[in-house]
Structures are given as C-alpha cells and as structure tokens.
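Novice: Modelling step: build the complete structure from the supplied sequences, incorporating the hints.
From first to last, the protein sequence lines stand for chains A and B.
Our numbering numbers the first residue of the first sequence as 1 and each following residue consecutively.
Our numbering numbers the first residue of the second sequence as 1 and each following residue consecutively.
Be careful, since some hints might not be right.
[What the hints assert, rightly or not] Here are some, though not all, of the chain A residues that point toward chain B, as calculated from beta-carbon distances under 10 Å:
1) Phe55
2) Val62
3) Leu113
Since the hints were derived computationally from the structure, they do not count as laboratory data.
For glycine and all other residues, C-beta sits at the position ideal for the given N, C-alpha and C.
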Amino acid sequence: MKDQTDMRRGGLADGARALTPLLLAVVPFGLVLGVTAASSPAGGLLGIATSPIIFAGAAQLVTVQLLGTDTSVFVVIITALVINVRHLMYSAAMAPHFSEWPRRSRFLLPYLLTDQAFALSMLRYETTDDPVYKRWFFVGAGLGLWLPWQLATIAGVVLGAQIPESLGLGFAIPLVFLVLLIPVVQTRPGLVAAIVGGVGAVAAGEAPYGLGLVIGALLGVAAGVAVERLGEP
Amino acid sequence: MNWIAVLIIGLGTYLTRLSFIGAFGEREMPGWMERPLRFVAPAVMGAIVLPAVVQPAGVIEFLPAANPRFMAGVIAAAVAYKWRNVSLVIAVGMGSLWVLDWLF
Numbered sequence: 001m002k003d004q005t006d007m008r009r010g011g012l013a014d015g016a017r018a019l020t021p022l023l024l025a026v027v028p029f030g031l032v033l034g035v036t037a038a039s040s041p042a043g044g045l046l047g048i049a050t051s052p053i054i055f056a057g058a059a060q061l062v063t064v065q066l067l068g069t070d071t072s073v074f075v076v077i078i079t080a081l082v083i084n085v086r087h088l089m090y091s092a093a094m095a096p097h098f099s100e101w102p103r104r105s106r107f108l109l110p111y112l113l114t115d116q117a118f119a120l121s122m123l124r125y126e127t128t129d130d131p132v133y134k135r136w137f138f139v140g141a142g143l144g145l146w147l148p149w150q151l152a153t154i155a156g157v158v159l160g161a162q163i164p165e166s167l168g169l170g171f172a173i174p175l176v177f178l179v180l181l182i183p184v185v186q187t188r189p190g191l192v193a194a195i196v197g198g199v200g201a202v203a204a205g206e207a208p209y210g211l212g213l214v215i216g217a218l219l220g221v222a223a224g225v226a227v228e229r230l231g232e233p
Numbered sequence: 001m002n003w004i005a006v007l008i009i010g011l012g013t014y015l016t017r018l019s020f021i022g023a024f025g026e027r028e029m030p031g032w033m034e035r036p037l038r039f040v041a042p043a044v045m046g047a048i049v050l051p052a053v054v055q056p057a058g059v060i061e062f063l064p065a066a067n068p069r070f071m072a073g074v075i076a077a078a079v080a081y082k083w084r085n086v087s088l089v090i091a092v093g094m095g096s097l098w099v100l101d102w103l104f
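Specialist: See the structure below:
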C-alpha cells in the first residue's frame with residue numbers, strides 16, 4: 001500500500017517537474033490570450049472562461065478573436081473544432097495506457113489531455129510500466145499546465161485592459177503561432193501542409209462567413225497527405 | 001450566443017480527448033484517420049500565420065510602408081527558427097513592428 005502512495009506522489013511530482021520548463025512558452029501564450037480577449041468584442045470575462053471550459057490554447061485564441069466579429073458563430077465553432085480535432089490522435093495513442101486505469105479516471109482525466117501533457121507522458125511511458133505512476137505522472141503534467149494557464153489568462157485580461165489599442169498587440173497572436181509552427185514543419189509533408197494551409201487561407205480570405213481559415217487548413221491537410229504518399233516507395 | 005458557442009467548443013474538445021480513451025476502447029486508430037490528423041497542426045498554424053502577416057487589412061501587401069507586419073513577421077520567423085523562444089519572438093516581432101511603423 002505504501003508502495004502505491006509512493007508511486008502516486010512520485011508520479012505527480014515528476015509530471016509537474018517535467019512540465020515546468022514548458023511554462024516559458026505557455027505563460028506568454030496565456031498572457032497574449034488574455035490581452036486579446038480584453039480588447040475583443042467577446043470581452044475579458046468570456047476570455048477567462050474559455051481557459052477552464054476549452055483548455056486548448058490555439059482554439060481559444062481563435063475563438064476569442066472571432067466571436068462577436070463578422071464571422072458567424074457557427075463558423076467559429078467549426079474553426080475551433082477543426083483546430084482541436086488533433087486530440088483524436090492523442091487520445092488513440094494514450095488509450096492503451098489509460099485502459100489500466102479506473103473507470104472514473106478514464107472519463108475525467110482526458111480533460112487534461114493537451115499537446116504538452118501528451119508529449120511528456122508518451123516520452124515517460126517508454127521507460128516505465130507502473131500504471132499508478134503513469135496515471136499520476138499524467139495528472140502532474142496536466143495540472144502543472146492547467147493552473148498556470150488559468151492564472152496567465154486572468155493576468156492577461158487584467159493587463160490588456162490597460163494597454164492602448166494603438167500598440168497593435170494583436171500581432172502577438174501570429175507571433176505565438178510562428179513559434180509553434182517551427183517544430184511541425186521539420187518534415188517535408190509538414191512544411192508543405194503549412195505553406196498550402198497559409199496560401200489557401202490567404203486565397204480564401206474573401207470566403208463567406210469567415211471560412212478562410214478552415215478552407216486553408218483543409219487544403220493544407222490534403223497537401224500534406226498527398227506529399228507523404230508521393231514520398232513512399 | 002457567444003457563451004453557448006464557448007460551451008459547445010468546450011464539449012466538442014472534451015469529446016475528441018475522450019474519444020479513444022473512453023468510448024472506442026482499445027481499438028487502434030485506422031490509418032486513413034491517423035494520416036490526415038498529423039497534418040492538422042502545421043496546416044492550421046500556417047492558415048493562421050500567413051494571412052495575419054501578408055493581409056492584415058484584407059489586402060495583400062508586402063512593402064513595409066503599406067504593411068509593416070510582413071517584414072516584422074519575416075524577422076520574427078528567423079528568430080523563431082533559431083531560438084524557438086516565445087517571449088523572445090514576441091519581443092522581437094512587436095519591436096520590429098513598432099520600429100517599422102515609426103520609420104515608414
């Protein structure tokens with residue numbers, strides 16, 4: 001029994017510790033989200049609420065940026081869900097590890113399944129087999145991200161209320177995505193997906209209901225798949 | 001309406017996270033599904049970044065006098081490629097934008 005408690009504490013601490021260096025990227029991202037929300041028609045309160053409700057940075061940024069603008073609410077929902085559909089992939093990869101867990105954990109813990117918690121957990125699971133340790137490592141990484149993310153969003157909203165519009169801080173959004181883009185364009189199909197996604201979104205900039213981003217993204221995905229197929233022997 | 005949208009997005013996001021863990025059990029993800037999903041991240045990021053730097057006002061412009069965000073974006077991209085540090089990229093990108101704005 002004592003063994004189990006040790007595994008739990010160790011996992012929790014290791015997960016939180018593994019996540020800490022990533023906060024260097026996560027906190028500024030959360031601040032930008034809050035600042036954006038504060039100056040958007042959607043408003044700061046809604047921006048703060050997206051952090052516990054959606055808990056997925058890229059989709060949250062697009063949501064607070066688009067809600068209340070000319071873009072139809074329906075398209076905002078579609079856009080955010082297209083951005084978040086990648087979680088299916090994480091869920092499939094994590095499922096074999098989650099299956100050893102109690103039923104309640106299997107329904108509650110996926111809420112914490114982010115890019116960061118996923119990447120760190122999969123890496124750690126290569127070197128450990130203990131189901132209790134594995135579960136609590138994931139919880140540690142998940143909560144280690146969750147709490148700073150909430151605080152950074154709130155801080156950003158408070159800060160954003162004081163920053164004049166003329167500074168053009170909205171430009172920080174593409175800057176954040178620029179950094180996220182670098183690791184996913186290291187393969188040729190990934191690079192093609194990004195370029196076609198970008199050019200497609202620009203070309204579809206005039207598309208009705210603000211569908212440009214979704215059209216660009218779908219073209220980019222198709223291009224990535226096509227290039228990867230061509231590269232196969 | 002905005003609040004309902006946020007709730008729907010939150011629920012949808014949770015369901016994608018739950019999908020294979022909670023509902024589809026141990027089933028492996030079929031290849032036709034897995035392959036496109038790997039390109040969602042780069043395609044989405046590209047679709048967010050490029051329009052924001054080449055057509056922030058709805059018209060495609062590259063010259064700093066008409067659109068300083070393109071050149072600021074190129075400078076920031078170089079910094080992002082070299083250091084991958086979010087705070088640094090925000091600082092350099094915003095700084096470049098302000099300097100270009102002031103110059104032109």
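Novice: With reference to the structure, classify each hint as holding or not holding.
Specialist: Going through the hints against the structure:
1. Phe55: Because about 7 Å separates Phe55 (chain A) from the closest Cβ in chain B, which is inside the 10 Å limit, the hint holds.
2. Val62: Hint on Val62 (chain A): holds, closest Cβ of chain B at ~7 Å, below 10 Å.
3. Leu113: Hint holds; Leu113 (chain A) Cβ to chain B Cβ min 4 Å, cut 10 Å.
Going down the numbered hints, you'll see the structure goes against none, and every one checks out.
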